[in-house]
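Here is what each chain is made of, one letter per residue.
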Amino acid sequence: KAGVTQTPRYLIKTRGQQVTLSCSPISGHRSVSWYQQTPGQGLQFLFEYFSETQRNKGNFPGRFSGRQFSNSRSEMNVSTLELGDSALYLCASSLSGTSGADTQYFGPGTRLTVL
Amino acid sequence: GENVEQHPSTLSVQEGDSAVIKCTYSDSASNYFPWYKQELGKRPQLIIDIRSNVGEKKDQRIAVTLNKTAKHFSLHITETQPEDSAVYFCAASKSGGYQKVTFGIGTKLQVIP
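These protein sequence lines map, in sequence, to chains A and B. Mapping to our numbering: the first sequence position 50 is 50, numbers consecutive. Mapping to our numbering: the second sequence position 68 is 68, numbers consecutive.
Watch out, some of these pointers could steer you wrong.
Said to hold, decoys possible - The following label-pair restraints were derived from C-beta to C-beta distances:
#1 A:Thr113 / B:Val20: 34 to 40 Å
#2 B:Ala29 / A:Phe69: 40 to 46 Å
#3 A:Thr20 / B:Ala70: 25 to 31 Å
#4 A:Thr53 / B:His72: 43 to 49 Å
#5 B:Gln14 / A:Phe60: 28 to 34 Å
#6 B:Gln81 / A:Thr38: 24 to 30 Å
#7 A:Gln41 / B:Ser12: 31 to 37 Å
#8 B:Ser9 / A:Arg111: 45 to 51 Å
#9 A:Lys57 / B:Ser12: 36 to 42 Å
#10 B:Gln45 / A:Ser27: 17 to 23 Å
#11 B:Ala70 / A:Gln44: 23 to 29 Å
#12 B:Ala29 / A:Lys57: 15 to 21 Å
#13 A:Leu83 / B:Ala70: 36 to 42 Å
#14 A:Ser51 / B:Glu56: 31 to 37 Å
What the hints assert, rightly or not - Just a sample of chain A residues kept apart from chain B, beta carbon distances all over 12 Å, derived:
#15 Leu11
#16 Asn56
#17 Pro61
#18 Phe64
#19 Ser79
#20 Thr80
#21 Leu83
#22 Ala92
Said to hold, decoys possible - Simulated pairs of lysine-lysine, DSBU-like, Cα-Cα distance not exceeding 35 Å:
#23 B:Lys42 / B:Lys57
#24 B:Lys68 / B:Lys100
#25 A:Lys57 / B:Lys22
#26 A:Lys1 / B:Lys22
#27 B:Lys100 / B:Lys57
#28 B:Lys71 / A:Lys13
#29 B:Lys68 / A:Lys57
#30 A:Lys13 / B:Lys57
#31 A:Lys1 / B:Lys108
#32 B:Lys94 / A:Lys57
#33 B:Lys57 / B:Lys94
#34 B:Lys108 / B:Lys22
#35 B:Lys58 / B:Lys71
#36 B:Lys57 / B:Lys22
#37 A:Lys57 / B:Lys100
#38 B:Lys58 / A:Lys13
#39 A:Lys13 / B:Lys22
#40 A:Lys1 / B:Lys42
FYI, nobody ran anything at the bench for these hints, they're computed from the structure. By construction, the Cβ of each residue, glycine as well, lies at the ideal position given by its N, Cα and C atoms.
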């Protein structure tokens with residue numbers, strides 16, 4: 001099976017702009033989670049989607065949003081970019097997370113730089 | 001919510017020695033504890049995991065132990081090799097109809113040849 005893919009791999013934006021990141025999960029996986037990774041903060045949970053519904057959300061401002069499509073692909077949007085949003089954004093997919101805690105498989109990430 | 005503490009933040013060992021990374025969690029309902037390895041510039045990859053009904057699990061040179069009473073779990077790497085150099089993350093999550101995984105801050109392991 002193909003692994004989790006993310007596009008684009010690299011992005012450079014300026015403050016105030018908005019950005020959309022995309023994640024395609026492993027075929028058959030219905031849960032997609034998003035994480036922000038920075039050197040000092042590790043992996044911070046943003047949100048999780050399952051069957052086009054956001055099931056859980058981390059402690060990030062409303063500028064961070066996402067959605068999931070019927071084919072389980074997910075997008076994440078960040079509006080009004082700030083310098084502190086520069087990070088590696090990782091998505092991870094798992095089967096369902098309903099019958100128990102499932103193993104997550106990560107994508108390669110999108111490196112976002114805000115100037 | 002769940003809080004996962006991981007230490008040490010950096011660890012240097014001589015090739016062939018053992019390495020131990022420890023994590024504690026706060027939510028007694030957590031029942032799944034994966035460990036991920038992230039090499040420089042690459043995605044985190046699962047290396048081993050353990051569920052709360054098991055106290056220890058081994059996979060070749062890697063082992064994980066879980067103490068539910070004390071709410072801590074550890075990663076043990078024996079006979080370390082230079083390719084073991086990476087950042088290791090522990091994590092905790094629980095079943096219940098949603099998937100939220102809380103990660104530790106990470107441990108940068110350096111294996112010195």
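Quickly compare the C-alpha distance for Lys68 (chain B) and Lys100 (chain B) to 35 Å and report which way the hint goes. Cα-Cα ~19 Å, so holds.
A range of 31 to 37 Å was offered for this pair. Does it hold for the Cβ distance of Ser51 (chain A) and Glu56 (chain B)? holds, 36 Å
Least C-beta distance from Thr80 (chain A) to chain B larger than 12 Å: At about 26 Å from chain B, Thr80 (chain A) clears the 12 Å cut-off, so the statement holds.
Are the Cα positions of Lys57 (chain B) and Lys22 (chain B) separated by 35 Å at most? Since the Cα atoms of Lys57 (chain B) and Lys22 (chain B) sit roughly 15 Å apart, the hinted pair holds (cutoff 35 Å).
Is Lys1 (chain A) within 35 Å of Lys22 (chain B), Cα to Cα? Holds: Lys1 (chain A) and Lys22 (chain B) sit about 33 Å apart, inside 35 Å.
Verify this label for me: Phe64 (chain A) is non-interface relative to chain B, using a Cβ-Cβ cutoff of 12 Å. holds, 15 Å
Thr38 (chain A) and Gln81 (chain B) - C-beta distance against the hinted 24 to 30 Å: holds, 29 Å
Should the hint that Ala70 (chain B) and Gln44 (chain A) are 23 to 29 Å apart at their CB atoms be regarded as holding? holds, 26 Å
For the pair we were handed, Lys68 (chain B) and Lys57 (chain A), check the Cα-Cα distance against 35 Å. Distance ~26 Å between Lys68 (chain B) and Lys57 (chain A) Cα, so the pair holds.
Between Lys13 (chain A) and Lys57 (chain B), does the CA-CA distance stay at or below 35 Å? violated, 45 Å
Keeping to a limit of 35 Å between CA atoms, is the pair of Lys57 (chain A) and Lys100 (chain B) held or broken? The hint holds at about 8 Å.
Can you tell me whether the CB distance of Leu83 (chain A) to Ala70 (chain B) sits inside 36 to 42 Å? holds, 41 Å
Taken one by one, the earlier hints fail for this structure at numbers 2, 3, 4, 5, 7, 8, 16, 22, 28, 30, 38, 39, listed in ascending order.
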